[in-house]
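Number of protein chains: 2
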Amino acid sequence: MVMVMRFLHTADWHIGKRLNSFDLLADQQAVFEQIRDVARSEHVDALVIAGDVYDRALANEESVEAVNGMIQTLNLTDQLPLLVISGNHDSPVRLGTGSPWFKATHYYLHTALAQAIDEPVTLGDTQFFLLPFWQPFAARQYFADDSLTTVPLAMAAIVQAMQAKFAPDKKHVLVAHLFAAGASQTDSETTSKVGGLDAVPVDLLQVFDYVALGHLHSHHALHDEKVRYSGSPLKFSASEAGDEKGVWIVDTTAGTVEWRPLTSPHDLQAITASFADLTKPDFLPPDAQDDYLAITLTDTQVIPNVMQILRGQYPHILEIKRAHGRARDDEAPVLTVQRHLDPQKLAADFYTEMQETPLTDRQTEWLKQTWAEMEAQE
Amino acid sequence: MVMVMRFLHTADWHIGKRLNSFDLLADQQAVFEQIRDVARSEHVDALVIAGDVYDRALANEESVEAVNGMIQTLNLTDQLPLLVISGNHDSPVRLGTGSPWFKATHYYLHTALAQAIDEPVTLGDTQFFLLPFWQPFAARQYFADDSLTTVPLAMAAIVQAMQAKFAPDKKHVLVAHLFAAGASQTDSETTSKVGGLDAVPVDLLQVFDYVALGHLHSHHALHDEKVRYSGSPLKFSASEAGDEKGVWIVDTTAGTVEWRPLTSPHDLQAITASFADLTKPDFLPPDAQDDYLAITLTDTQVIPNVMQILRGQYPHILEIKRAHGRARDDEAPVLTVQRHLDPQKLAADFYTEMQETPLTDRQTEWLKQTWAEMEAQE
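First to last, the sequence lines map onto chains S and R.
By UniProt numbering, the letter at position 277 of the first sequence is numbered 277, and the numbering carries on one by one without gaps.
By UniProt numbering, the letter at position 331 of the second sequence is numbered 331, and the numbering carries on one by one without gaps.
Isolated chain S (complex conformation):
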């Protein structure tokens, strides 16, 4: 048994997640390999995944196969101890399948509140408390205390129960999947919470030497020395375009926390530009043309088939917005021409203009049916 503890903190893998219609699995596999490389080169003693391993409680078979493979690689091939909890996106029952067998190879997977308190895991110089995503009713049940009606009240009880199990000669790390924000005000009798009734006040967590959080996807979500989100290893939405993704390397012996960045084969970029610039062949370097793009057009005029045209050059466009709105339809000369078109064509063109993407085959079929029904009623 190692007598130091240096671990990698990651969370929110969301295996099975799609970006619009795009399958992220290949990128997730690539980033997984980077995490594996970081774990190796940093000589960590363990790897922490703070919840939301899956994107959905009912993951598809491909996702289950991928997660099974990743976990097996880390724990059985690389012989790395794993500390894993279920997040709100995971099914505790499904994710927990097989967990009683995993401990034998130091893969600790907790999916129930009771385990978090009753079964701390000691590795090296550190005692880990693995707290899966939980709801106040579970705390009321565990403590047989109906007064634990809010997240802050319940979390206070949970932390107190964990503290009672603290081994005095060890460092204490909490792994949790929750929304931590704000602070308790303890100067009045009634402890009011700044973060709201659903948030865990950060000061509650200061009894730990480190808190490895999952739930929020940005590692900048919280500014605290010891209480940190790792964020997701990939960008999952346009709002994360500016984020740097990565993992924390935590050394409880040295008391250090260091950031190691990860890069996805397909970055997610937010781009503001004119249609004319975007359609220049070298506007983005060749390897960036495949990135996931959230585009904001600076143009105001109507551009027919804009999504179709731009996707020809940038296959992974997530959305197209307008920076300055769009010219009103009555300014668009195209309308006078369209008077002579049939109503279905008009509707399809209108949709394309508004949504900047043409109707799908299915939508065209709906339009056709609806039109037929309207005609039948006349």
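Among the hints, erroneous ones may be present.
What the hints assert, rightly or not - Using C-beta positions, here's what the derived DEER-type ranges look like:
| # | chain 1 | residue 1 | chain 2 | residue 2 | range |
| --- | --- | --- | --- | --- | --- |
| 1 | S | 164 | R | 73 | 29 to 35 Å |
| 2 | S | 77 | R | 41 | 39 to 45 Å |
| 3 | R | 62 | S | 18 | 25 to 31 Å |
| 4 | S | 62 | R | 283 | 52 to 58 Å |
| 5 | S | 18 | R | 149 | 33 to 39 Å |
| 6 | R | 122 | S | 164 | 46 to 52 Å |
| 7 | S | 88 | R | 165 | 43 to 49 Å |
| 8 | S | 360 | R | 275 | 53 to 59 Å |
Because the hints were derived from the structure by calculation, they are not lab data.
Note that CB positions come from ideal geometry on N, CA and C, so glycine has one too.
Here the structure of chain S is known, so what remains is to put chain R in place on it, guided by the hints.
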């Protein structure tokens, strides 16, 4: 390591299965406890489950929790070695979750054809080959042989490959989930199959000392000393009403195979009787009134609300049939009365007479909507 081998052979648990609308899980749990008791009292060295652990590839959480609990009880609490394969109802990926860890406690779970051939399991004096449900394309892939177009051809190749791995000082047991029937005719050049292209000829399996099969739900499905179906531990359809359910206790050292019956808390009975007899309070003993009943009425006359009336006494009726058909509607005096009823009531009564069960709320709603549409069109 034991140097004898005595094992319990069961299959086709189908956890998650419903009988009509009835949830079988409580009965399945009760029968599981009987299997556990038999394993204990018979001092078996291992327990074999020959596929179809689940009823569906995508089992609900309750079923996953139940199976996880049963397997954990057998393998971790009772410390019984387990030999398990996936059946056609199981998802190999989902059932196989965690399997690389299970071997450490002698829980061998094979979900791929390659494992069946490449990873025989030796326990005591016996070598087990665990062959999950497979399709000929998997055999073509494994052997890189496009000529394996049918089940008999592919199975011949599989058995030959297994034979090449036979340890000469061991007994050899095949665990498989397949349809075995008929025999190969090897007296002509072209081996024609009696059982058809989808069946495994039983004589192919004679190289084994015992073949523990799953797939067919009756243990009488095959008459062979060494090649046996255990059948399901519960009756799953009216056609199984006459079956005795149970498990085989196989002793490869002594060369014996013995039957141990199981009884579900709710039996499934097929009953032929008159309505008058059935409605006598003591027609069935009190504890049998809760059984699953497939009823055949000997009456011919129309009996209004017959399902509703009989379910008052027998809550778990699966179906009501007629032994001698039913009196034609024009013989039923009730019709003259019904002339004065409104059409929806007439339709509902007609359905009730024909199906011997009243319309559900949803069906009543459909009827109402359809009638409204018909009136609107007039």
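What hint numbers does the structure not satisfy? Going through the list in order, the structure violates no hint and respects every one.
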